[in-house]
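Whenever a hint applies, use it, and build me the whole structure from the sequences.
Taking UniProt numbering, the leading residue of the sequence shown gets 1, the next gets one more, and so forth.
Fair warning: there could be bad hints in the mix.
Capping the alpha-carbon separation at 20 Å, the derived lysine to aspartate or glutamate pairs in DMTMM-like fashion look like this [to be verified]:
{"no.": "1", "residue 1": "Lys292", "residue 2": "Glu91"}
{"no.": "2", "residue 1": "Lys278", "residue 2": "Glu156"}
{"no.": "3", "residue 1": "Lys292", "residue 2": "Asp127"}
{"no.": "4", "residue 1": "Lys278", "residue 2": "Glu160"}
{"no.": "5", "residue 1": "Lys278", "residue 2": "Glu76"}
Between beta-carbon pairs, the in silico distance windows are [claimed, not checked]:
{"no.": "6", "residue 1": "Asp140", "residue 2": "Leu9", "range": "20 to 30 Å"}
{"no.": "7", "residue 1": "Leu9", "residue 2": "Asn230", "range": "40 to 50 Å"}
{"no.": "8", "residue 1": "Gly114", "residue 2": "Leu12", "range": "32 to 42 Å"}
{"no.": "9", "residue 1": "Pro268", "residue 2": "Gln80", "range": "31 to 41 Å"}
{"no.": "10", "residue 1": "Glu29", "residue 2": "Pro268", "range": "44 to 54 Å"}
{"no.": "11", "residue 1": "Gln80", "residue 2": "Ser269", "range": "29 to 39 Å"}
{"no.": "12", "residue 1": "Lys96", "residue 2": "Glu29", "range": "12 to 22 Å"}
{"no.": "13", "residue 1": "Ala72", "residue 2": "Arg30", "range": "14 to 24 Å"}
{"no.": "14", "residue 1": "Leu81", "residue 2": "Asp187", "range": "54 to 64 Å"}
If you're looking for bench data, these hints aren't it; they were derived computationally from the structure.
The beta-carbon is built from N, C-alpha and C at its ideal position, and this holds for glycine as well.
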Amino acid sequence: MNDLRRIDLNLLVILDTLLSEQHVTRAAERLHLSQPAVSHALARLRDLLGDPLLVRAGASLVPTPRALELMAPLAEVLAQLQSLLAPNAFEPATAKRTFRLAMSDYGAAIVLPGLTRLLRREAPGIDLQISHASREGMLDGVYNGDIDIAIGVFPEMPNELRSTLLFEEHYACLVDRNSLPVDGALDLPTYLSRPHVLLEMRGSGTPEIERALTTLRERRRVAISLPHWNVAPELISGTDLILTVATRALRDIDQQSLVVVPPPFHIPSFDFVLVWHKRRGGDQALSWLNQKIAERVAQDRG
Numbered sequence: 001m002n003d004l005r006r007i008d009l010n011l012l013v014i015l016d017t018l019l020s021e022q023h024v025t026r027a028a029e030r031l032h033l034s035q036p037a038v039s040h041a042l043a044r045l046r047d048l049l050g051d052p053l054l055v056r057a058g059a060s061l062v063p064t065p066r067a068l069e070l071m072a073p074l075a076e077v078l079a080q081l082q083s084l085l086a087p088n089a090f091e092p093a094t095a096k097r098t099f100r101l102a103m104s105d106y107g108a109a110i111v112l113p114g115l116t117r118l119l120r121r122e123a124p125g126i127d128l129q130i131s132h133a134s135r136e137g138m139l140d141g142v143y144n145g146d147i148d149i150a151i152g153v154f155p156e157m158p159n160e161l162r163s164t165l166l167f168e169e170h171y172a173c174l175v176d177r178n179s180l181p182v183d184g185a186l187d188l189p190t191y192l193s194r195p196h197v198l199l200e201m202r203g204s205g206t207p208e209i210e211r212a213l214t215t216l217r218e219r220r221r222v223a224i225s226l227p228h229w230n231v232a233p234e235l236i237s238g239t240d241l242i243l244t245v246a247t248r249a250l251r252d253i254d255q256q257s258l259v260v261v262p263p264p265f266h267i268p269s270f271d272f273v274l275v276w277h278k279r280r281g282g283d284q285a286l287s288w289l290n291q292k293i294a295e296r297v298a299q300d301r302g
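Right, here's the structure in full:
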């Protein structure tokens, strides 16, 4: 009990921010505090916890093993406190809140247009911070409390995370219309003989396609690998390149010169999901946002 009396809850908020930023100045800016105030708080935390917590490594501060152990429980405690102190009823029309969402270009194209219009209409005080990372990076962010919601394809998740199915997705191929055979079909020999464009973010790639080819004991040649979607269709136009991606990513393609065709081999469908941490189950605002995202995506599918 004596130790608890020594702890100022503001110190926990500062520690959470320091562990996230790993930089005193950035943490001070995010907290709207002076750098000396944050440095003083770090000194108090080191004394209370009996550990350096963050040690100097060049221009950054690196968490100690003890600090890494504290990250997830600390984020959970702060989320529970926020839920405990929040008003009993969440009122979207008057709420002031910032949510941190992680998603790929594909996810952003599917979710953000409709969600943004809904928020401006129903909850204009809610702001969104969107980030982009690998699948593993997004799940780590949710697990550690740096991200509120991750949206994407996650075949494997830690037990502490929860998900909502938004829709089941399939793959399709984008090719130049003039590069197709006379019958307009894309067969497997043609697919394998052509060079391919691969959309890839920090090494995550599209393993589902490669696994499907492996079952056939075949491989494709990736001529161009790039981390963003916008330019990809332009690379296909006027070339023999093939782009194999999620079907919904191709729904607005101008089919004057480009054509969408089924893959000439079976690629399993995949679930596109929304992910959050189970410790946030009592956060009414987050639950409301999860529900609205699911409803909005369902309406867009219709």
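The hints, checked one at a time:
1. Lys292 - Glu91: 14 Å, holds
2. Lys278 - Glu156: 16 Å, holds
3. Lys292 - Asp127: This hinted pair holds, its Cα atoms lying about 14 Å apart.
4. Lys278 - Glu160: Satisfied, since the Cα-Cα distance of roughly 6 Å is no more than 20 Å.
5. Lys278 - Glu76: Distance ~9 Å between lysine 278 and glutamate 76 Cα, so the pair holds.
6. Asp140 - Leu9: 20 to 30 Å: 26 Å, holds
7. Leu9 - Asn230: 40 to 50 Å: With a Cβ separation near 44 Å, leucine 9 and asparagine 230 satisfy 40 to 50 Å, so the hint holds.
8. Gly114 - Leu12: 32 to 42 Å: 36 Å, holds
9. Pro268 - Gln80: 31 to 41 Å: Holds, since proline 268 and glutamine 80 (Cβ atoms, about 38 Å apart) stay within the stated range.
10. Glu29 - Pro268: 44 to 54 Å: Holds, since glutamate 29 and proline 268 (Cβ atoms, about 46 Å apart) stay within the stated range.
11. Gln80 - Ser269: 29 to 39 Å: With a Cβ separation near 37 Å, glutamine 80 and serine 269 satisfy 29 to 39 Å, so the hint holds.
12. Lys96 - Glu29: 12 to 22 Å: 20 Å, holds
13. Ala72 - Arg30: 14 to 24 Å: Holds, at about 20 Å.
14. Leu81 - Asp187: 54 to 64 Å: With Cβ atoms ~60 Å apart, the hint holds.
The earlier numbered hints are all upheld by this structure, with none contradicted.
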